[in-house]
Structure formats: structure tokens, C-alpha cells
Amino acid sequence: MSVWNILEISPTVDTNAIKKAYAAKLRIFHPEDDPEGFQRLREAYEQALKEAKYIKEVEAPGVVAEKVDYEQHGMAVPKEKAVSNQRTVAEETENGNSTSEEAADQFMRQVQAIYDDFFRRIDRSQWEMLLDDKALWGLDVKMVVNHKILDFLLDHHYLPHDIWGLLNDHFFWSDRETELYNSYPNDFVNYLFEQVYSSWGLRYHGFKPDHSCDYDAFVQYREAAWQALIENELDQCARFLQQAQAIYNEDPDLIRLTGVYYKRVGDREKELLAFEQLIAVYPDDMDGFLGRADILLAKQDYANALKDYQQVLARVPDHVHALYGIARCYDSLQNTKEAKALYEQLVERSHGDIEVRMRLMEVNVRLSEQVLVELAAEPPEKKELLLQLGAIYFDLQMYTECRQIVSQMEACYYFCSDMYLLLGRVFMAEEEEECEQGIRCFDKALDLAKQEGANGYDILVQRGIAYQDEDPEKAIRDLSAALKINPFDPEVLVDLAEAYRLTEQNEKAIELATAAIAINPSRWVYYSTRGMAYYEVGHYEEAKADHEVVLAHEYYDEGAWYRKAYCHLQLSEFEAASEAFETGMEWENEMEPDARFYYALTLFKLNDIAKALKEIQLYRKTDDEEERYLLATNEMGCLEDGEIAVKRHLLIGDIYRAMDKWEQAAVEYCAGADLAPTEPALVKMAAYCHLRLGSFEEANDYLEQFYDLNSDDAWGLLHLTWANMELGEWKNAEEYVRGYFAAVQKASQASEPFATFYYGRILYQRGSYEQAATYLEQACRDGLGQYARSDLSLAYYELGDMEKALALAKMALDEEPDNIDYQTRYRGIMENQNKKSVWSFFKTKPSSRKVWPATLPMKHHELSTMPELNIPIGGECNA
Amino acid sequence: MHNPENLRQSQLWALALSAVLAGQNRLRHDVVCGGDKTAQKIKMTKQALKRDWGMGSAANLRDSLQWLSSEGHSAGFAAERVYFSTLSDAGQDAYISSFPRESAEYVKYQILKIYHRKLPQAGILAWDLGRYVFLCRDAVLVGWITEQEAWKLIMPVARRAQQAYSGWNEYGMAYLAGRQFWLNQLSKENVDDHADYVRSLLLDSDSPWRQLNWNMDLA
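From first to last, the protein sequence lines stand for chains E and Z. Each residue of the first sequence is one higher than the one before, counting from 1358 in the working numbering. Each residue of the second sequence is one higher than the one before, counting from 74 in the working numbering.
By construction, these hints were calculated from the structure, which means they are not laboratory data. Note that beta-carbon positions come from the ideal geometry of N, C-alpha and C, so glycine has one too. Treat the hints with caution; some may be incorrect.
Claimed, not checked - Quick partial rundown of chain Z residues pointing at chain E, CB under 10 Å, derived from the structure:
hint	residue
1	161
2	167
3	169
4	171
5	260
6	261
7	269
8	272
9	275
Next up, chain E with everything else stripped away, as it sits in the complex (with noise of 0.2 Å):
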């Protein structure tokens, strides 16, 4: 196996993909748990290694020798990796060989310098030479540096949070959490499990080399402090800032936690210094402006405040504190329109701040004062004003207000197609939604738009919603309209989208959604009607992919949850779509009613056949009136409910198969198919339970079914051929035997050997013996001589060869010598051969089919094995 194999990667130049693809694997040849595997993994990391350097000094010289043009290509700078003076261990040691004692102490050594040294301690490259060297991947080696790097950071533990990180992935810590513990103490192991896995640590960035202190102890005092305020120790975090101000005042999280100390301590004036100071040393970084900001917005500096959190922006555009800031000093600079443009902004943007809503409230009342002082002075623009208002009222869902505005309107003469805009809304926004009379308002709205001779946009996009649920075709015509006007509106866009998708044209509602997202990708509503029309044409990747999108921002949207589970499902995702319908299910409203039945089809995928039991029995419990009801209505079309029915008793069949309680999968299929007799797959799992279980007589009843559903069936009518063979039914076997012939050849299919057997039989049985003797000759030739034998020796017997008979009839008793029918029917045979000049006088001789009936069941073709679930997913198909 080549190293390229072993790290599984192709073969690359690319160094640091060469170190990913080791890492990953790390986690898997552990080096205690499977030490050789760990071995080859490294030499293939060393291997890999060198033929990267191979490959590019010596076959592609052209590769390394071009020196990348960072800054063209808008790239930093890398920073030049720091040049080790140090000697690796394997040079340290003597002659390259040593014990693994001196080796771990030489690398020690080297951990002792890098610490101890404060900026090469800070630095990662420094960390990830050492932990490279080759001396380390010895076994033996690595195992005593594990213990003694512990004991080291026992006592020197002020690293960086990702050097943790990145000890932490060579020497495995977090698989060994017991040993740590058992060894070490809890607040020490604590610690750097706090270390490993937390997302975030005070930094070490801020630290001049330049700049001569005790950093050592800084961080230990800076560290302290950070506890102190965490455990609200107030005292004790003074005392710390104070110690670490004295060593180096310029580090960012020191002053940073210095201003959160006075915030709690309610020193205003001293926290506003602190974050002052940190704009000036670190103006790169926004928390110094964000802390600022808040405490001038208190101080009701509004202006400075404002320019503060601009500063925010220009460094996260989308800062939504910042964003919600700003909408704040607009508010109180009198920008009243632009706040509320902010604050609506941010209702989209963080829909789980209820104090942006009570803010837009609030600034909506204030406008709304503000344009009734207007209008007290009776200006000449009091129509706009009184619709100013009733907008504003609108939007604070004061309609009775609205009304009264629209009233008020309509006293002055002042109709206007805005006016009739505003009063449909309010109807299809009043609890007791009055659609119809919103839709009349929409009209009138309209009229009056062409003769202002105005478009009547808006009115064409309110009455298109309107008509969303009500007449959507109506809804597509005003939508359509109202894109023509401006094809650019996002939202217009996806609400005709979604009346394309109420008319089941989905590939149509597919496009539009689409074109709104390229629009604003941002809005999550978007992808979830393109979510729903890709799911209903079964386009289950978008479908799960748009999903994902909603669920991202609406978590309880159960609907989303069950569509998602079934995409899984549908693409074979059987691990996801289980833990899809469990989420969505956790919550007390229910989930689509269906959902139950599709997670125990899941599970029956998982293999979890008990749970899967369980699950479907939950599933909702119709007595069988209620079925009846449901399965006959479906003769109308396709009613969700029938359906669903019958695949219940499917899969209920299939578990029990799956658990091989054949009888109680008869039971299933059997009440689904005497629901659902047009059901061929219920009937036909009906007639093979049936049949297994021998129970003939129902397997013939269903296997008729069968036959009615589908004459030409080959299954059908070989079946139905045994199960009347069984029965005695030779006439019916006859029958059926001879549709199936007609059948294979009909399909230009191969027919079962069985058959011809069958046929012989029946043809015996009828008393047709030379054919019956033909057809069991040809069976004997398609190798099933061992099933054929006998009965073709009874074939010749009434034929009167007794040669042949008594031949045949002995060769099928030295191959089944304890078969009773064989014994009897050569002893038989034999006799009746001595006996053969009394028949001859008399002209009589018994007949087999009398004297030597079967007394052993029949031998027959083995059942064929059917599909485990017979309900299809995906692109399945279980014919």
C-alpha cells in the first residue's frame, strides 16, 4: 500500500495537505490503542513528505522556483516562519541513539527553552517545530514526554489557547480524560480541558518584543483577574488589574476587562477612560468602540455615540449591536424615519430581540404624534399626513385607529387609491379576516391607480396575497402584473412563487424563489418555499439543502423538521432522516401526522426492527370502518389518508417478516389487502405468507386476487399452479399452467423448470399420461430428474412399460431410499409387473393414481425470497 494510500490522499506537493490528511488519520491509528497502525502512519507521513520535496525540486522545478506575489494576488503577507536555532532532539542526542529517558529529557529541554523565552513561547511555529521532531514519534520516546509535559505544565501553564489546542493533538489528552484525572490534580486537569476545548482565550497578541517587562508574570496577573471577574470576586480583580497595569498597561484584554470591571463596579467615568484607551493602543479592535458607544448612548451623547458605532460597522458591516446603536441616535437626534428604517431592518435581521420591537413601537407612536401635531395646523398636505398616519397606524396594528383615519379620509373626498390600499390591508390583517372586503378594497384601489394614472404596484402585489389562499390563479395573474412593473422585488417574487406552488406548478415556483434568492440570499422564507416546491417534484437534494437554510433560522418550524427527515430518507440518508423526525418530534405540537409512519420506515432501513415496531403501532390507529371509509373515498383520487393506510399494513407486514413472525404478517397483509383489494402489492404479499406458512386454501384465495389484478403475472399464475396443485384442483392447476407458459413467452422470458414438472404432474393426474410422460421427461433433462422420477415412472407404469416404470421408479428410491411414496410405488410396481399376464386376460389393472397416491407433501420450487421492505424509497425499485 503506498503512503499516499495509507493518508489517503493523492499524490500532492502541497505539504500542508499532507499534514491535514496525518492529522485526520491520528485520530484513528491511536498510538496506545493500536501502536503499529500508528507506526505506518507516521512513516507514511515522513515518506509523503519527502516526495512532496522530491516532486518539487526535481520534476517540478518550475513549481518551487516562482515565488508567489502575495500582494497581487490581495493575499497577506505570510509572516516569515521564525528560524529555529535550536537543534532537533535526534541531533541532540548522541550518535542518533539513545534511551528514551534522554531523549524525552532532550526534548524537554527544548520545551524548558521555548517557555522560557516569552515571545517563543507565544508563537506557534515554535511549538509545531518541536512537536515535528522526528526524535518524538518514537513510541517509547513519546510515552515518557507525555508524563513529563504534564508535570512541566503543571507549573508553566500561561500558553496561548491554541497551543493548547495543538499539544493537545499530539499527545491526545482529551482521549485520556480518566488517566488525567486519576493522575493529575482536578484543578490542573480542569484547566486545560478548559484550555482544549473552550472556543475562545485571552490573547497574546498585544506583547512588544521591543518593550522589556515581566510579561510572565502579566499574564499570570492577567489571568487572575479574568478569574476573579468571572467568579464577580470584585476586590480581588481590582487588586489583579492593578498588578498587571503596573508590569504593561497596553494589552487589549487587560484594558478590555478593566472597563467590564468598572461597568460592574458602576464607574462610568472610569470605564468610559478604559475603553478610550483601548481605541487608542488597539484601534483595530471594535470592543473599544462598542464599549464606548454604549456608555456615550447612556451619557446621551448621541452624536459621538453614533460615530462610535459607525466605527463598529466599518469594521463588521452587519454588526447588529452596532446596527441597533445607530438606530438608537438617530431616535434621539430626531432622525425619526431613519431609526425606524434601522429598527425594521434589525426586526428582520434579529427576530429574537423583542427590545427592537418595543423601539419600533415606540418610535411608530412618536411619528404618529408627530404627524397629528401636522395636522392640527390644517396644512394643505393633510391628505398625505392622514395617510402618513394610517400607515404608521397600520404598521402598529392599531387598526380601529387606522379605520378611523380612512373615515376621516373619506369625509374630505379625500378618495385616493393609497386610501383604499391602506383599508384593504387592514382588512386582511384584522383577526376576523375579511378577505372579501379586502379584495373590494383592492379593486377600488386599482380603479382610482389607472385613473391617477399610476401603476398601482403596490395595489397588484396586496391583492395578489390576498388572493394567495383564496383563488390562486387570481393571485398569479396580480403577481405576474406586478413583476412586470418591477421584475426586481425579492419579495413579489416569492409570494408568486408560492401561488405557483398552491397550483401544484412547482418547477414554476421553483424558478421565481430562485430568482429571489440571487436577490437577497439572506432571507430564509425564500428558501423555504423553494424548499417545499422541490419537495413536492422530489427534487430531495434542494429540498434538504433549502430546508437546512430554514431550520438554520426558525429551529420549531416542525413542518420543516418532517420535510427535511423525508428528503433524508428518500436519499438514503436513513441516519439523518432518523435523528430529523426525533428533533422534529420532541415537541409537544405535533409534527406532519404522517411522520410517525415515515421514522418507522426509517428505522426498519436502521435495522432497529423492534423500534420500528413500536413507532408504527403509535402511529395513528384507524379501527377499520374508518379505513374503509378512507380507501373508498380514494376511488375519488388520491387521498393522502388511503394511502398512507395501506402502507401501514405493508410495512407492519414487512416488520414482521423482518422478525420472522410469519403469522402475524399474514394477518397484516391480509387485513390490508381485504381493505385495499386492488392493491396488488398487499395481495401478493398476502398469497407468499400464505403460502409459506402451507396455508393453501387462503394462499389460492388471495393468489386469485392476484390473478385479477394481473392475468399475465408469470409469480401469479406458477403460484396459483402449486397452491391448486396442493389442493387438488388439477383442472384450475391445469389452467394456471398453462397461462404461465403463455405468459413467459408472451414477456420472452425464461421459463421455471418447475413449471414442466408441474405440468407433468397435473397432466398425470388428468389421466393424459404420454403427455404427462413427455413433460416429465423434459423436467427430468432440466435437472429436476430427482422431483420428476417417480412420478414419470408412474406416467410409464399406466403406460404399461413396466420396464421403464420399475426403472425409474428404482432410481428414484436409491436416491430418497426412506421416501414411503417411492417405496410403495416400486414395491407396487413390482408386483403388478408379476401380475402382468392376469391383466392381460382380464384387460384390468389398478391405477396408480388409486393404489399409490402421494402421502408426503409436494415437492415444489423454492419459495423465491421477497424484497425486505416493499415500500419503495427513493429510486428504488422493489418489484
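With chain E held as given, fit chain Z onto it using these hints.
Frame of chain E; chain Z shown alone:
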């Protein structure tokens, strides 16, 4: 507000601390028991106290009131806030992202992220105090305490709330933030509901929050 029981302004002010809950239960803001004391109402209130608080007697009431005033949910919020506020802004985002999206912690810290800069030091104390006042009102209705006893419990809490917040809006925000924190939910439907609870209190001219001056003398 009509004030049929002739309550003092300070008493109406104190009742207004429970206005959100009162509104949800369609109770009056100007009557201690929220409305008429009917047998049906008493029975339903007792059932609600049992169901929602596990309370069956006056002794249980005192335990619950003690818990609300000394700890409540605000203590938990404060403890989380104490840690969360020490992280840088980017550190807070990284911390939140370290939890699986579907986890309770993810939602909890999202809530903290939204409110930790906006809430005063008292945090979500309003959520505990508002419920405290509402429980006292219910207790009067079901006869576990007298009205006089209720005022003795309510007024100190009212003064405490007045010190903790700067106005009805800030109090309302803190109350609802507390409710979100308790529910640990940030769904849009949930937020819409919360906005509905508070809309009339903020907008209606006869709402106690608009009629009663936050800074009135509660002595």
C-alpha cells in the same frame, strides 16, 4: 383605568409590575384580584397555581415568593452574564458557535448576546418581581392571604423594581427578556407572542404603563 377599589397611585403602580401576566390572563390592572371574585375564578386560579407553581397552600406561596425575591431566574441569568460579559465581542460569537445549533446552550447564549449590553445591572429581575406581584394577587383571590398582607409583600418589591430600572419600557424589556430566558426560545412565533403581550401596554393611552409615572413616590 377606573380604579373601582380606590387604590392609591403607588398601589396601582405596584400592580402594574404584573401587567404583562395580567394582560395575558385578561385581568384588570386596577383591581387587586384582577376582577370579580367568583367561585369559578377562584377554582380556576387554584388549579393554575397548582399546575404552574406546584402550589397548594399559603405555605407553598411563601416559599415561592421567597425564591422569587432572593433568587428566581434572574440569579441564573446573572451568573451566565458575569462570564459572558468578560469575553470580547468576537469571543462571545465564538463561544455561541461552539455549541450545536439545536442545543439549549446555543439559544441561551443567543439570548444573552441580544440583551447583555441592553439590560441594566439588575438584569432580568423584572421577570421575577413581576411574577411575585402576580402571585400575591392570585393569593388574595384564593384567600391564602388578605389584601393587607399582600400589600406588605408587594410594596417593598415595587420599590426594589423602581430602583433597578429606569422606566416602564426598560422594565418591560427586562420582563420579556426574562420570559424568553426561562422559555429558552427564540422562535419568531414566540417573539411575536411576546410583542403582542406588551403592545397594548406600550400603546394604549389608558395602559398603566402610560398613565403611571415610573418615578412616582412609592413610599
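Tested hints:
| no. | hint | in the structure |
| --- | --- | --- |
| 1 | 161 | holds, 5 Å |
| 2 | 167 | holds, 4 Å |
| 3 | 169 | holds, 9 Å |
| 4 | 171 | holds, 4 Å |
| 5 | 260 | holds, 4 Å |
| 6 | 261 | holds, 5 Å |
| 7 | 269 | holds, 9 Å |
| 8 | 272 | holds, 7 Å |
| 9 | 275 | holds, 5 Å |
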